[in-house]
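Position chains B, C, D and E with the ligands relative to chain A; hints supplied.
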Amino acid sequence: MTAFRALLRRELRLALRGGGDMLTLVLFFVIVGAIVPFAVGPDQELLARIAPGIVWIAAFLAMLLGLDRLFRPDHEDGTMILLRQAELPLSAIVAAKLIVHWLVTALPLIVASPLLAVLLAMEGDALWRTICSLLLGTPALAAFGALGAAVTVSIRRGALISPILLAPLSIPVLIFGTGAVSVGQSGAAMLFLAALSLMAVALAPFAAALAISSAED
Amino acid sequence: MTAFRALLRRELRLALRGGGDMLTLVLFFVIVGAIVPFAVGPDQELLARIAPGIVWIAAFLAMLLGLDRLFRPDHEDGTMILLRQAELPLSAIVAAKLIVHWLVTALPLIVASPLLAVLLAMEGDALWRTICSLLLGTPALAAFGALGAAVTVSIRRGALISPILLAPLSIPVLIFGTGAVSVGQSGAAMLFLAALSLMAVALAPFAAALAISSAED
Amino acid sequence: MTQRHLFPPLTLCAEALQCGRGGMALTAPLSLTVESGQCLLLRGPNGTGKTTLLLTLAGIVPPLEGKLAIKGRDEDARVLHYCGHRNAIKPRLTVAENLDFWAEVNGPSGTSVDEALGEVGLGHLAELDAGYLSAGQGRRLALARLLVSQRPLWLLDEPTAALDVEGHALVTRLLDRHLSLGGMAIAATHDAITLPDSDRVRTLFLGVGR
Amino acid sequence: MTQRHLFPPLTLCAEALQCGRGGMALTAPLSLTVESGQCLLLRGPNGTGKTTLLLTLAGIVPPLEGKLAIKGRDEDARVLHYCGHRNAIKPRLTVAENLDFWAEVNGPSGTSVDEALGEVGLGHLAELDAGYLSAGQGRRLALARLLVSQRPLWLLDEPTAALDVEGHALVTRLLDRHLSLGGMAIAATHDAITLPDSDRVRTLFLGVGR
Amino acid sequence: MTLDTTPKQRWWNRLAHPGQFVAWTRPLLWPLTVVTALLFVAGLYLALFQSPEDYQMGHTVRIMYVHVPNAWLSQFVYATMAVSALGTLVWRHPMADVSMKAAAPLGALFTALALFTGALWGRPTWGTFWEWDGRMTSTLVLLFIYLGLIALWRAFDDQLRAARVIAVFTLVGAVNIPIIKFSVDWWSTLHQPASVFRADGPRMPGSILLPLFVMFFAFTFLFITLQLKAMHTEVKRRRVMGLQRRLAQGNAA
Ligand code: HEM
Ligand SMILES: Nc1ncnc2c1ncn2[C@@H]1O[C@H](COP(=O)(O)OP(=O)(O)OP(=O)(O)O)[C@@H](O)[C@H]1O
Ligand SMILES: Nc1ncnc2c1ncn2[C@@H]1O[C@H](COP(=O)(O)OP(=O)(O)OP(=O)(O)O)[C@@H](O)[C@H]1O
Ligand SMILES: [Mg+2]
Ligand SMILES: [Mg+2]
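Residue numbers (my numbering), protein chains in the order written: chain A, 1 to 217; chain B, 1001 to 1217; chain C, 2001 to 2210; chain D, 3001 to 3210; chain E, 4001 to 4253.
Source of the hints: derived by calculation from the structure; they are not laboratory data. Backbone N, C-alpha and C define an ideal beta-carbon position, used for all residues, glycine too. Hints may contain errors.
Stated by the list, open to error - So the derived label-pair ranges between C-beta atoms look like this:
{"no.": "1", "chain 1": "D", "residue 1": "R3202", "chain 2": "E", "residue 2": "I4224", "range": "52 to 58 angstroms"}
{"no.": "2", "chain 1": "B", "residue 1": "R1009", "chain 2": "D", "residue 2": "T3011", "range": "35 to 41 angstroms"}
{"no.": "3", "chain 1": "B", "residue 1": "G1184", "chain 2": "A", "residue 2": "V118", "range": "57 to 63 angstroms"}
{"no.": "4", "chain 1": "C", "residue 1": "G2066", "chain 2": "D", "residue 2": "T3011", "range": "55 to 61 angstroms"}
To be verified - Computed far set for chain D versus chain C, every beta-carbon distance over 12 angstroms:
{"no.": "5", "residue": "P3008"}
{"no.": "6", "residue": "E3015"}
{"no.": "7", "residue": "E3035"}
{"no.": "8", "residue": "G3059"}
{"no.": "9", "residue": "E3075"}
{"no.": "10", "residue": "V3079"}
{"no.": "11", "residue": "R3092"}
{"no.": "12", "residue": "D3100"}
{"no.": "13", "residue": "G3118"}
Only chain A is shown next, with the shape it has when bound in the complex:
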């Protein structure tokens, strides 16, 4: 257990030192979101309508950008090999990384979404639904991402996340996510999201661990 905590602490330190600090993370989402009006035009009610999609895309992008740093550095500087000799199983290690990854990429988005809401002229309850859907959905994105990153690291050196995993897994999340915000029957979508996240978070660590350990360095 103390080993797990040590891992969490270290991952957090690494994430927050050097460019990853909270200011940066929050800025990231606000700016990515604030770009949109320049492209689609400053029409308030239009913005309000696409706002959920924008927020979810921003989340997706942020997850993708962060993923690259999830396993590759450890794989390349030999840390992975040593972690496999550690007191705790590889899946636990992946889980720790997953948690931190969510904390430093997804959470700031959720924190920053009110700001985005103002810029994109979202009204109150849509904002609430957005936050809920993000809370429910981003874990799934993180988990699938971790799986993709693990497979990529083990198969190909130095490439973006393997798309074959990426697309089919994350598209449903995004669709349900946006659905949960915008459409009338957001309740059902929320349920789907929750289910997806539960399943993904439960399975991803083991799958990812398998992928990594099967990568003969």
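Structure of chains B, C, D and E with the ligands alone, referenced to chain A:
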């Protein structure tokens, strides 16, 4: 000159052997496009109205994904130090990388844009104008991107900082890009785009080279 | 020897073990046994599979043929330290933080972090960003990792790489103490490692055929 | 010596050169001159600034104090090869492709790629993915880079690291030939490098104060 | 390859040494503070009591006396940073780094104030806090640039190396800001036929211009004072960090 060609060849090889990188970008591009209808709802003419903006946003975000690959690997395995002893100036090296970056990130997107056009219910000539505007505008995006990557090359997790730096710089490109597609005076916008790209591509290599050479240790 | 043993008596024995990379065999099938208190030196030209053999023993690379067992261990306990070419050091964390992390992840069963750092001669750099360490200092930090948590089997891949003269002495000292505590070590090296009592050391030459 | 010189006579001279990292001085101000055909060995404990000095000479790290000049060069020509701790090798390119690239980027003024690979003993691996090379093989590939394009000044950082006995001989051979062609070399090393005629070699001890 | 690092003897090189700079400029700090305070008193008095209400905006017009100076400073500070960046890149002037770093948060502050007061102003005048009006939007973008620079400064750990890199980006930003302004105006006219408020300065009566100018100088002096103070603290911070590093390094070489 042969040195320059050698650089181009190597960068291309590395990019193409990486496997699904391009596929990832294109998938991301398409996913972004596919999300929006779910957010906006199936209102055809509204979709058609915001389509250019969506395409440009998608392109911008997709081009952020490839950025971290541009200089960091060379920086971390010591290649950059050696390249500074090469027969050709650092700015030329950056230029070569820039060209390849455009070829392997922007070009696939442009090829894939008809797909997006279908998803977003664009009609024919709008599609053409989109492709033209992308052809004219993406070089500027790539150039700014190279600059951002160069500035953040020595920062771990620079992946999240460069978008923050790039977004404000890219706003004119987005504005004129969408302007070139949608509005009546698309001609003027196209001209602005071309001018922007010319300027950016002309200046970025030197600025980036300066940044790299002062960040390198 | 007078000193009481710290580790339970273990025996690592491999029978007709053939290891290779990407499905292609590198070494001829080899059988070896290493007992507590013994050290096995792997020597041989570059690319003859020393690292591969160590990785196989560590269980990272699956062997192509033969079997491999460590007798006398209780199953769930981790028995080995691997110290490879790349000394997994995280920039952005201070030297002390790096070592702390490994102490907690591998179980702080060995000496304290400060002692270990002092032992390998990095005591004065404890608070420095580990990314700034020089090559040899990094190597020393990697060695310190072996001290903070006790494990009977050390697998060392060129432990003396990038170390200065005093560093070579350090490695010998550490190895000798580890053995005298009843540990075992397998080290691939190109430099000469001469322990005080030479009967503990055996040398295995790989790929002399080539 | 009988062999005619290939390189123009150059002199590298540093006056009261003080180099350091992050604005902090590491070495006392040192003045040195190296002439064509001479080799300077940098020795000293870990972390005394050998790599830093080499990087400063290569113009990567700005010096804190003092002057540094290479006399007799024509300005625009690149005169030096740097071969550092990290031997910049790209996985996903074959060994031959890696070397080809450097040959073309640095100008193919030296031996051909195949010869160079044979010289360093990687001839049989030319088509292997360079990411698979063993530590020593990677080092050899890094050394081959010095051969494919002629440059008068070699800056070598622990060239013998991870090399086997035959590899040490290789480094000595390469150095000797380079010097006899009128080149110069500055090498930081912990192992003994003994060239045939010892008057060519001078040794600079760093940080013995500490 | 001849790099010469002997300090050149130009007039501004005597300010190059951080310690000296602090020593020479500390005496200026108090007078500046006093002047700023006086200007603010006068300006606020004029603005609040001596200037007429607007016939349509009422008392809210007085926000302008805060808003416009901030809006102007938001651009002026960036100019300062750009000049400092030149100082860093071209003349390698040590204090240029410091001033560049010190100015970024101040610029962000003033820009945020311009946005905030503008938004406050917008509420009564347009009924919404935020309108994608050209000028406001480009100010928002400017704020983003400032924040990006701050994040960049925080991301680097070696401040000496950071300075040159960030200087490059600052200059690129300086080149881009006019382009951004232009494009945003093009965009806003594209999307909104008439800007909501047309506030053209010169046509204002003197009774508004005078307090505006006083406030304007007050804020500018405020910036100068804060900038000096920030530079001093930055110099101190670097000295401390240097010491810490030496300690961490063990040997005070
Ligand atoms: C977030 C909201 C706003 C922002 C970011 C903003 C920004 C600016 C900027 C950048 C300037 C130019 C200063 C210069 O030319 O040096 C300016 C000037 C001015 N603004 Fe605003 N503004 C905002 C809202 C408003 C509102 C709501 C009003 C009044 C209804 C207003 C009235 C003025 C006036 C009268 C000037 C001075 C005239 C001039 O300089 O041309 N602003 N503002
Ligand atoms: N993943 C891999 N796939 C295929 N071949 C590999 C792989 N990794 C290494 N090799 C090959 O296996 C051989 C042995 O590599 P290994 O690292 O074990 O050698 P080594 O004895 O450690 O050499 P050195 O003394 O240089 O460290 C090398 O020739 C290398 O080309
Ligand atoms: N970027 C940096 N910033 C601050 N200090 C640094 C940096 N890089 C290295 N150092 C410090 O500079 C000192 C010298 O490093 P250097 O790599 O030159 O030593 P070295 O002589 O090459 O040692 P080795 O023999 O182990 O290679 C080390 O103590 C290290 O802690
Ligand atoms: Mg090896
Ligand atoms: Mg070194």
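Now the hints, each set against the structure:
Remark: the range hint 52 to 58 angstroms for D:R3202 to E:I4224 is upheld by a beta-carbon distance near 57 angstroms. Distance hint for B:R1009 and D:T3011: a CB-CB separation of about 38 angstroms, consistent with the stated range 35 to 41 angstroms. As the Cβ distance of B:G1184 to A:V118 is approximately 32 angstroms, the hint placing it in 57 to 63 angstroms is violated. For the pair C:G2066 and D:T3011, the supplied restraint of 55 to 61 angstroms holds, since their beta-carbon distance comes to about 60 angstroms.
The claim that D:P3008 is not at the interface with chain C holds, since no C-beta of that chain comes within 12 angstroms of its own (minimum 33 angstroms). Separation of D:E3015 from chain C is adequate, the least Cβ-Cβ distance of about 25 angstroms exceeding the 12 angstroms criterion. No beta-carbon of chain C comes within 12 angstroms of the beta-carbon of D:E3035; the shortest separation is about 28 angstroms. D:G3059, annotated as away from the interface, keeps every beta carbon of chain C farther than 12 angstroms; the closest lies near 20 angstroms.
Every C-beta of chain C lies more than 12 angstroms from that of D:E3075, the closest at about 33 angstroms, which supports listing it as non-interface. No Cβ of chain C approaches the Cβ of D:V3079 within 12 angstroms, the least distance being about 25 angstroms, so the stated non-interface status holds. With 12 angstroms as the threshold on Cβ separation, the claim that D:R3092 sits away from chain C holds: the shortest Cβ distance comes to roughly 15 angstroms. With a least beta-carbon separation of about 21 angstroms from chain C, D:D3100 lies farther than 12 angstroms from that chain, consistent with its non-interface assignment.
With 12 angstroms as the threshold on Cβ separation, the claim that D:G3118 sits away from chain C holds: the shortest Cβ distance comes to roughly 15 angstroms.
Against the hints set out earlier in the document, a violation occurs for number 3 only.
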